[in-house]
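Engineer: As given, the protein sequences belong to chains A and B, one line each in that order. So the first sequence is residues 1 to 344, counted in this note's numbering. So the second sequence is residues 1 to 476, counted in this note's numbering.
A hint or two may mislead.
Within a straight-line C-alpha distance of at most 25 Å, the following computed DMTMM-like cross-link-like pairs (lysine to aspartate or glutamate) qualify [said to hold, decoys possible]:
1. 226(B) with 72(A)
2. 226(B) with 100(A)
3. 226(B) with 49(A)
4. 217(A) with 189(A)
5. 317(A) with 216(B)
6. 282(A) with 262(A)
7. 282(A) with 129(A)
8. 226(B) with 262(A)
9. 367(B) with 350(B)
10. 226(B) with 216(B)
11. 231(A) with 350(B)
12. 345(B) with 399(B)
13. 265(B) with 178(B)
14. 317(A) with 223(B)
15. 317(A) with 467(B)
Where chain A lies over chain B, by a calculated footprint (3+ residues, C-beta under 8 Å) [said to hold, decoys possible]:
16. 202-216
17. 419-432
The hints are simulated quantities; they were obtained by calculation from the structure and are not laboratory data. If you're wondering where the values come from, they're calculated on a predicted model, not measured in any experiment. Ideal placement from N, C-alpha and C gives every residue a C-beta, glycine not left out.
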Amino acid sequence: MRLVVGIVVFLLSGLATGLVVDAYLQVAEIQSPLETYADRDFGPLYHADRSFSRFNESFFLGSTNEWRTLGEGRPERNGNGELRILLVGDSFVLGHTVLERHHFKNVMEADLEAALGRDVVVLNFARPDFNLWNMHRYYRDFASRWDHDRALLFVGEPDLVPSRQVGTELYPISLADGDSVVADYSFRESASFARAKRLEPVLSRLAVPRLMFNLYKVGLRGELPRVVLGKLAPGPSAPPAELGRADGTEPLPDNSQALVRDLAADPRVTLVYTGPVAPRHKETVSSLGASPLDLEPVFDRLRAEGVDPYLWPVTGKRGHWNHRTHVAVGHALAADLTAAGDLP
Amino acid sequence: MFFNSFIFFIFLAIVLPVFYLLRGQRQKASWLLIASYVFYSYWDWRFCSLLLISTVVDFFVGRALHAADDETRRKRLLWVSCAVNLGILAVFKYFNFFAASIQETAASMGMNVDFLHLNIILPVGISFYTFQTMSYTIDIYRRKLEPTHSFIDFALFVSFFPQLVAGPIERARNLLPEIARLGKPTRTQVSEGLALLTVGFFKKVLIGDACGRIVDHIFGQPELYKSPELLAGLILFSIQIYADFSGYSNIARGLAKLLGIELMKNFEQPYLSANITEFWRRWHISLSSWLRDYLYISLGGNRRGNGRTYINLLTTMLLGGLWHGAAWTFVVWGGLHGLYLAVHKMVIGDRKVADRLAYTGPASAVKWVGGVIGTNLIVLLTWLFFRAADFDQAWYFLDQFAHWQGSELSGRFLGIVLSFGGMMVFLDCLEYFTRSHVWVLKLRPAAAAGICTAVMIVVLLFMATVEPMPFVYFQF
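Just chain A, same shape as in the assembly (with noise of 0.2 Å):
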């Protein structure tokens, strides 16, 4: 009797830890619960209202909106007439690793109101690991929601040779269907977003979970050896697959190109180019019609400055866009925008 009296004991004094420990993490930022859920129509969406922190090459607080989006948010209804551009994009667009004031849509939106004498707001409809096939898909079914003046759709090499990129199996994609393009929700049969569902009431609501799958991400990549053995783990026997190569040995793939001919008809539309892309790539895509911007200069124009695009000073980490890129990319893109001359 003593003994399973202690074992209750135990158990009970255990998770009563546990979960004081879950309510500190949370409270003092130090691990979010999941701040996204697995929606049936458009993949993982944000929940409405949530403050959330991240550390990666940088430090991220940000909280998402009414509406679902990060930021501050706007209602779908465009009801004070300002001029509204919406960034569909990847991580380096979402940015995750900048507070929200540092994200250059705050810089856009600064020098296109005084380029254009009004008010102006950039919505961020990002998402993590989006290729073109989900930006388009994501664009259609749930940005484009958003009365909006102009849409930014940020897109790398690895994003427009989609069969590359890994990780996206819980996004709808669309695909070209003859002259049409379709939406293809075959993720919702898929086992990642069965996972998905299953873990979601756990992983939104507590920070222990949360951490048990970061766990479990840290060994998806490898990563457990070195975590394990320090300096001692064997280095990596082989390099990470590269996604994406710039060398355009490959045409670009038909769907790429069907979603990129669609999205040239729209002149609402225009595609950024997020990183160096096969001439042979860059070709395709303008004899498709769109006429794209493209950021390497900017990167270019860093690099002669002495600053890496991609280091981030504190960390030493190299990642996504730093503090000075993302400055950097807010002006250009105002620039570009307003050179075009075509914004009303």
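Following the hints, complete the assembly by docking chain B onto the known chain A.
Structural biologist: Same frame as chain A, but now just chain B:
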């Protein structure tokens, strides 16, 4: 090897069972000595030679000091010990600092002085083990200690891995007898050791490291942050350094207990001090008592009048600041604390400073709370110089505080500060009012085990998913 790394747990999984299996003090001490050198060499094996030099010199100087009767010879021997230990420190820690300072001073006077710049890295824990081994020879010189005749025991005293790189700075008269009677730890020691490890890891990983991630960004690029965020960064640093260092000390003491050794306490809830003198009795106790015993008292302490006492306090704290790091910001940090101590001494005169809250009614509690808040405010201000990369950065912070600019994230940062601060105060109050660092053991054993297990699971999960942060004091 960081305590907050998995490789350290693997190291422990080898060291502890072998230690328990071995019989006899000599075998156990030899094994711990090997383990300590392996522990140190994981970081950089070349610097084991410095450890060995200090050990060999002080072992033989200690014996010679004990054997010598001639005062001149004894003084010379003491000088040898001090010269070797402080020489190592001077070369590896201070040479570039002083060279650069002289160069800058000369340049400001229009002179061009070219000094050699040594391209060396600072050996981890050098300030700790040199002070520890120096205390051995000084105590023998003062005839307060008999030298040990076992080289292995002495080498282990210098290199004992739980406290090798960040203290507590042990005294030979405490640690050497512990090593001399190495045996199996008692059941109490094991349970206290595990409790200390749990609290230590919680403080280090889930308070210190978690704060540190934010602090590093704010101090790394302060121009990106607004006044409330900079203030939050400073407060979080004051929490980080305490959680980090007291967490380390708890882990060190816990590990030592698992080996049957009792190390001294290094922290006694310093942020619950009602005045600056009490703060220094509770903060980094092993260093402040070292400075008192071997520097302040050597300078004359308070035996030569008030004026000299204030100067001695200031000198001791200035050097204490320099001990922390080779930078003028550390000197200013130490100098300010010296100033606070001197002013406090001036105010209280010969009155005794209470060690803790003596509750005699609501008024005493209010006075105590006021004292705690006031002490924390001046300590907080001084931390700015400790953490800032240079004076320009420290002035930048102060300027931003003076020209306050609000932030849309004030509420978020306030929540973060209150959460970390609240957790730290909660843990400190538990220790303060139970007068025990192992308060968890006052619960039923099953409850204590449940709490410790749950905490360690979260700690390990966090460690596995976040880059380990070195202990702040490793750099000293």
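Engineer: Against this structure, judge whether each hint is valid.
Structural biologist: Okay, the hints, checked on the actual structure:
1. Taken as a hint, the residue 226(B) and residue 72(A) pair is honoured in the structure, with Cα atoms around 19 Å apart against an allowance of 25 Å.
2. Restraint check for residue 226(B) and residue 100(A): satisfied, since their Cα atoms lie roughly 13 Å apart, inside the 25 Å limit.
3. Taken as a hint, the residue 226(B) and residue 49(A) pair is honoured in the structure, with Cα atoms around 24 Å apart against an allowance of 25 Å.
4. Distance hint between residue 217(A) and residue 189(A) is fulfilled; the C-alpha atoms sit about 21 Å from each other, no more than 25 Å.
5. For a cut-off of 25 Å, the pair hint linking residue 317(A) to residue 216(B) stands: about 14 Å separates their Cα positions.
6. With a C-alpha separation of about 16 Å, the suggested pairing of residue 282(A) with residue 262(A) holds against the 25 Å cut-off.
7. For the suggested pair residue 282(A) and residue 129(A), the alpha carbons sit about 22 Å apart, so the restraint of at most 25 Å is met.
8. At most 25 Å may separate the alpha-carbon atoms for a hinted pair to count; residue 226(B) and residue 262(A) exceed this at roughly 44 Å.
9. Using a Cα cut-off of 25 Å, the hinted pair residue 367(B) and residue 350(B) holds, with the two alpha carbons roughly 20 Å apart.
10. For the given pair, residue 226(B) sits about 15 Å from residue 216(B) by alpha-carbon distance, which is consistent with the 25 Å threshold.
11. With a CA separation close to 55 Å, the supplied pair residue 231(A) and residue 350(B) exceeds the 25 Å bound.
12. Of the pairs offered as hints, the one joining residue 345(B) and residue 399(B) is violated, with about 31 Å between alpha carbons and a cut-off of 25 Å exceeded.
13. Between residue 265(B) and residue 178(B), the direct Cα distance comes to roughly 15 Å. Compliance with the 25 Å bound is thereby established for this hinted pair.
14. Restraint check for residue 317(A) and residue 223(B): the C-alpha separation of about 20 Å stays at or below 25 Å, so the hint holds.
15. Among the hinted pairs, residue 317(A) with residue 467(B) is consistent with the structure: their alpha-carbon atoms are about 12 Å apart, no more than 25 Å.
16. With a threshold of 8 Å between beta carbons, the proposed coverage of the region 202-216 of chain B by chain A holds, since 5 of its residues qualify and at least three are required.
17. For the region 419-432 of chain B, the proposed coverage by chain A is satisfied: 3 residues have a C-beta within less than 8 Å of a C-beta in that chain, meeting the threshold of three.
Comparing the model with each numbered hint stated earlier shows that hints 8, 11, 12 do not hold.
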